[in-house]
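4 protein chains.
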Amino acid sequence: MIIVLKAHSTDAEVAHVERRIQSMGYRPHTIRGELRTVIGAVGDDRGKERLRALESLECVEAVTPILQPFKLASREVRKGNSQVAVGDVVVGGPTIVVMAGPCSVESRLQVLDVAARVKAAGARVLRGGAFQPRTSPYAFQGLETEGLKLLAEAKRETGLPIITEVMEPERVDLVAEHADVLQIGARNVQNFSLLRRVAESGKPVLLKRGMSTTIQEWLLSAEYVLSGGNPNVILCERGIRTFETSTRFTLDLNAVPVLKKLTHLPVVVDPSHGTGHWEYVESMALAAVAAGADGLLIEVHPKPEEALSDGPQSLKPERFAALMTRLRKVARAVDRDL
Amino acid sequence: MIIVLKAHSTDAEVAHVERRIQSMGYRPHTIRGELRTVIGAVGDDRGKERLRALESLECVEAVTPILQPFKLASREVRKGNSQVAVGDVVVGGPTIVVMAGPCSVESRLQVLDVAARVKAAGARVLRGGAFQPRTSPYAFQGLETEGLKLLAEAKRETGLPIITEVMEPERVDLVAEHADVLQIGARNVQNFSLLRRVAESGKPVLLKRGMSTTIQEWLLSAEYVLSGGNPNVILCERGIRTFETSTRFTLDLNAVPVLKKLTHLPVVVDPSHGTGHWEYVESMALAAVAAGADGLLIEVHPKPEEALSDGPQSLKPERFAALMTRLRKVARAVDRDL
Amino acid sequence: MIIVLKAHSTDAEVAHVERRIQSMGYRPHTIRGELRTVIGAVGDDRGKERLRALESLECVEAVTPILQPFKLASREVRKGNSQVAVGDVVVGGPTIVVMAGPCSVESRLQVLDVAARVKAAGARVLRGGAFQPRTSPYAFQGLETEGLKLLAEAKRETGLPIITEVMEPERVDLVAEHADVLQIGARNVQNFSLLRRVAESGKPVLLKRGMSTTIQEWLLSAEYVLSGGNPNVILCERGIRTFETSTRFTLDLNAVPVLKKLTHLPVVVDPSHGTGHWEYVESMALAAVAAGADGLLIEVHPKPEEALSDGPQSLKPERFAALMTRLRKVARAVDRDL
Amino acid sequence: MIIVLKAHSTDAEVAHVERRIQSMGYRPHTIRGELRTVIGAVGDDRGKERLRALESLECVEAVTPILQPFKLASREVRKGNSQVAVGDVVVGGPTIVVMAGPCSVESRLQVLDVAARVKAAGARVLRGGAFQPRTSPYAFQGLETEGLKLLAEAKRETGLPIITEVMEPERVDLVAEHADVLQIGARNVQNFSLLRRVAESGKPVLLKRGMSTTIQEWLLSAEYVLSGGNPNVILCERGIRTFETSTRFTLDLNAVPVLKKLTHLPVVVDPSHGTGHWEYVESMALAAVAAGADGLLIEVHPKPEEALSDGPQSLKPERFAALMTRLRKVARAVDRDL
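Protein chains in written order, with my numbering: chain A, 103 to 440; chain B, 103 to 440; chain C, 103 to 440; chain D, 103 to 440.
It is possible that some hints are incorrect.
Chain copies aren't distinguished; within one or between two, either way the pair holds.
For lysine to any residue, the following SDA-like pairs were computed, each having C-alpha atoms within a straight-line distance of at most 25 Å [stated by the list, open to error]: (1) Lys173 x Gln243; (2) Lys251 x Asp282; (3) Lys363 x Thr347; (4) Lys257 x Gly304.
Honestly, the hints are just simulated from the structure, not real lab data.
Using the sequences and the hints given, assemble the complete structure.
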């Protein structure tokens with residue numbers, strides 16, 4: 103931490119801050135500049151924000167952290183890339199992993215049909231929602247346990263491992279019984295009790311970025327899972343809130359290279375939620391792969407205009423298949439495969 | 103809903119969309135303009151977004167809702183202002199209710215000391231965190247059950263009712279035993295299972311706005327509680343995420359008049375979290391009252407520079423007392439009291 | 103500036119950065135921490151970003167400025183509050199100055215009528231647009247020179263000084279002939295040639311915040327005028343771009359206390375543009391005064407539903423008069439007058 | 103436009119709004135729904151916002167536009183893609199055009215050196231700033247006319263056409279003498295007098311998106327140039343302001359497919375300004391091409407750590423050359439060339 107004092111701080115004030123830094127277990131190192139005195143607090147301040155409380159002293163202008171606050175998620179702890187195994191599929195390796203399927207599981211027919219078709223097109227994981235977080239209490243909330251069973255059936259039919267969302271700590275065990283990857287949705291990225299519970303499960307966790315979560319906060323959420331003993335974390339960029347309304351969210355592909363610099367965890371991208379419009383999914387899927395993503399999460403529905411949720415952003419199976427062909431070319435252009 | 107077709111739509115396409123609207127239980131009403139055909143879907147579409155799926159049709163350009171999607175929270179359902187009773191205190195009446203206390207309950211001494219001092223200054227509810235949502239897993243997470251007991255003791259000593267945060271569905275009963283108001287934090291505003299559970303409790307609920315929640319989404323979250331049978335909802339503006347970094351969040355006081363227009367629910371403002379710096383709390387507290395807020399949530403700590411959380415935004419008790427004097431004057435200037 | 107080196111930097115790298123700091127005229131001061139080496143560059147770095155280029159060295163992780171980059175605008179240079187005289191009116195003194203009038207000057211009748219009525223209600227400056235920055239080339243662009251003459255006539259009739267916008271460097275002289283305050287609109291806050299030209303004019307300048315300008319950038323724009331030799335700068339908060347759409351912009355009242363801390367310049371608030379809806383203007387005007395603003399800029403139109411621009415946010419004269427009565431009460435409650 | 107009336111509007115109010123719609127030259131078409139009456143105003147409302155003033159009527163809840171407000175920029179006016187010729191180079195055709203060079207022209211040696219090296223690597227246009235918009239008045243403001251001459255010399259040496267920024271209406275002629283493309287910077291995207299003046303010049307114009315400009319507003323700025331008689335407009339996405347601080351701006355690649363749907367104008371992307379860090383430029387450049395961009399604007403500097411501006415985001419020439427090789431592969435994967 104760097105503690106910046108206000109202009110014209112007295113020697114007594116400097117000494118007072120130095121003592122407080124010491125009392126918190128850090129070593130103060132003072133630099134007297136022309137216009138400001140700054141004090142470095144030397145020590146491992148990752149994840150500890152107690153030093154920030156010094157900002158409430160009248161003589162302190164600002165407290166600025168130097169270290170990133172996460173540890174286990176950091177590339178400094180692990181230089182190489184982490185790989186997360188989902189059944190036979192490896193996320194974070196040379197092959198880009200496409201996870202596809204409907205937003206919600208709506209019926210046996212729907213999910214089996216989509217599962218077969220996305221598999222044929224080259225998807226390696228089946229996505230589908232059983233428990234659905236919906237902004238309105240009047241909207242379709244998912245088939246719940248019935249939905250989980252239909253996903254399990256689709257898995258038996260196709261061999262595709264399953265990713266589905268879990269929203270409540272007390273349902274983690276239930277969902278973990280049927281799912282291969284537990285998805286934490288954007289609205290739960292800082293639901294810390296849920297994060298602790300999925301950590302305990304040991305299952306692979308796909309952690310979506312919140313719509314207003316900074317990359318630093320997101321990695322601290324990952325740190326909850328990692329420090330809970332579960333190393334199998336996949337990060338998923340899915341769009342952030344900005345002023346622009348021509349897309350539902352602003353898919354932030356910049357997050358891909360930023361994460362690749364900061365963390366060893368695999369990174370996938372969800373262009374369906376990120377843009378909210380099927381017409382933009384293809385371009386952004388291609389861009390995500392070119393940017394270095396390790397995988398994609400794409401919504402596919404046989405009849406988007408009848409979907410119970412997120413119809414506007416779902417691809418029809420034929421469009422999805424055509425996209426997979428194009429994705430493969432771009433993957434190879436950046437020395438990956440699909 | 104208004105469905106806007108793309109330019110040059112054919113008669114067959116118009117007829118197809120009309121049929122789909124009918125099949126979903128709405129009455130289509132078509133207007134052929136010079137450059138676009140638009141179809142109004144007549145019927146009560148509040149909270150139902152199935153019509154939005156029409157956007158996935160190739161001939162449809164956009165689907166625009168006409169009605170606000172919430173019902174029970176709407177002023178159209180209830181013209182007068184709702185009042186929420188918290189013990190003897192009424193939130194939403196002519197008197198502005200100040201809820202004050204430390205961010206976290208840290209010790210018996212701390213909470214009893216602060217409780218006595220905020221009461222003396224005119225606060226009517228004691229705030230304090232026992233379960234703390236912390237961005238980092240390495241930060242202080244609260245005294246938990248012990249914290250609840252200390253709050254209960256402070257209530258016995260001072261007579262002040264208690265507001266404290268609940269983060270997990272399975273702890274709602276525990277917290278409800280000790281607290282008079284259940285606080286839902288910004289990070290849980292769309293934790294729908296938690297919302298359902300606090301609805302069942304019947305207790306007053308203070309629902310903080312999420313840092314990137316639109317006012318419409320926020321009212322839909324309130325709708326989860328209201329439609330779950332609990333009418334005692336207080337809304338709390340606490341700052342949104344924007345590009346500006348000189349404050350920790352951007353306290354959005356515009357939300358006060360917007361909410362007063364849209365909903366009958368009481369509205370309080372948290373200038374401590376909203377700005378993140380004690381130096382700005384006073385101005386924004388005064389402004390909130392002038393804007394029409396029904397109450398304030400303010401952090402007070404006897405030694406902010408030693409606080410285990412949120413020190414930089416906490417007022418010292420003397421400053422808080424001085425603020426209360428100024429607040430009273432502004433309250434009276436807008437025909438309220440404090 | 104604080105230069106943070108990457109983990110495991112070598113002594114040679116540290117020495118290289120130290121030399122580069124010296125070659126730019128600063129004194130390096132190195133702190134070796136447990137996990138990072140940081141180097142303070144001691145010297146006056148305000149407004150100079152050359153040190154930031156060090157970030158392009160492979161061994162450098164980040165370069166963090168310590169000082170605010172503006173000088174003349176800073177409270178460190180001038181402790182007391184600046185006052186700007188506009189004819190007999192003083193902006194920045196104990197009396198809150200309300201500037202009111204139509205968005206655009208549309209006709210002689212309109213502007214004379216509004217001028218008389220806002221004066222009667224207590225406004226001290228007349229606002230009105232002659233040159234209008236319009237998002238669309240097809241929208242009404244203002245009466246231009248004819249508009250300036252009508253404003254001048256309204257000034258002769260009422261004695262109210264005039265504030266009007268200037269958009270182009272080459273028209274500064276023309277506008278300065280008729281106006282008492284030159285307004286720089288939000289879209290021109292970083293039009294640096296225009297800023298230099300209004301600096302030369304010596305006239306009072308009202309500098310609106312850009313819709314995505316940080317407070318720091320805004321003060322640097324003020325610094326262009328101040329360092330050009332013109333001390334008569336008034337800052338005007340008018341709403342920023344955020345994700346929220348229930349208001350046209352998000353009026354950021356937090357800027358008032360932040361500016362009062364950072365700068366000696368007077369601060370006024372424009373709730374008309376800031377909210378975009380007349381129904382919210384009253385609450386936000388009251389809040390602005392309570393927050394500590396030195397003045398207000400309010401749009402008033404005799405027939406808002408026929409206005410050629412910004413009708414939705416204009417108050418009718420009677421509403422404006424009623425608002426002035428309420429504003430006076432709040433002003434007195436915070437020890438000001440109106 | 104769709105005019106939504108408040109609940110329980112009377113017949114007289116409906117009739118009043120219908121009359122006002124007619125008096126503005128539109129045909130009203132009224133739909134009485136269960137909860138709301140809405141009135142369609144039939145007619146060409148593109149670019150005309152006078153109907154919006156109806157929002158100031160007490161009985162009107164909202165006024166919602168149906169048509170995009172731009173005309174000449176719209177794909178509805180021109181189905182095929184526009185191509186802009188820059189000397190022998192065509193922007194908007196099958197070949198992706200890379201424009202590269204230093205942020206500022208700093209010296210003869212620097213610009214000639216960079217020009218030769220970016221040409222050798224495959225760039226087709228040389229970029230370089232002579233007039234520099236700088237946030238701080240104390241920062242390097244460019245070599246101005248001398249810079250233009252050095253760019254002209256580099257053009258003679260290499261044959262590369264030149265793109266450089268123009269900031270002031272009265273300097274358009276001067277810059278147009280030396281430059282092949284006039285760049286309008288992000289801060290001037292709504293400098294309407296500048297837009298009118300570059301329209302008159304007839305020269306190709308590269309119009310950067312403002313940091314908080316919606317795509318709709320940006321296309322309206324393009325409409326100023328197009329409706330001024332200059333069809334040679336290239337759009338350049340360069341990052342928007344969001345809450346995320348790990349990149350300097352948030353490069354919004356979603357804008358690429360959105361623009362490709364809405365407009366026929368060519369679209370290029372500037373990953374250097376968009377991210378602000380050289381380490382992220384490569385990934386985002388590759389992603390931009392995969393997303394469908396027609397070109398790139400990339401900053402290259404022989405010694406970024408000594409650059410007078412924007413050093414942190416500049417690539418060294420060797421890195422740029424390596425990037426070009428990778429870009430070529432991705433371009434071919436999406437059936438383009440470089």
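* Asked: Should Lys251 paired with Asp282 be assigned to within, between, both, or neither, using CA atoms and 25 Å as the limit?
  -> within (13 Å within a copy, 41 Å between copies)
* At 25 Å max between alpha carbons, let me know whether Lys173 reaches Gln243 within a copy, between copies, both or neither. => between (37 Å within a copy, 18 Å between copies)
* To do: Pop the pair Lys257 and Gly304 into one bin, within, between, both or neither, using alpha-carbon distances up to 25 Å.
  => Intra 20 Å, inter 42 Å, cutoff 25 Å: intra-copy only.
* Asked: Is it within a copy, between copies, both, or neither that the alpha carbon of Lys363 lies no farther than 25 Å from that of Thr347?
  -> between (30 Å within a copy, 15 Å between copies)
When each numbered hint is compared with the structure, no violation occurs for any of them.
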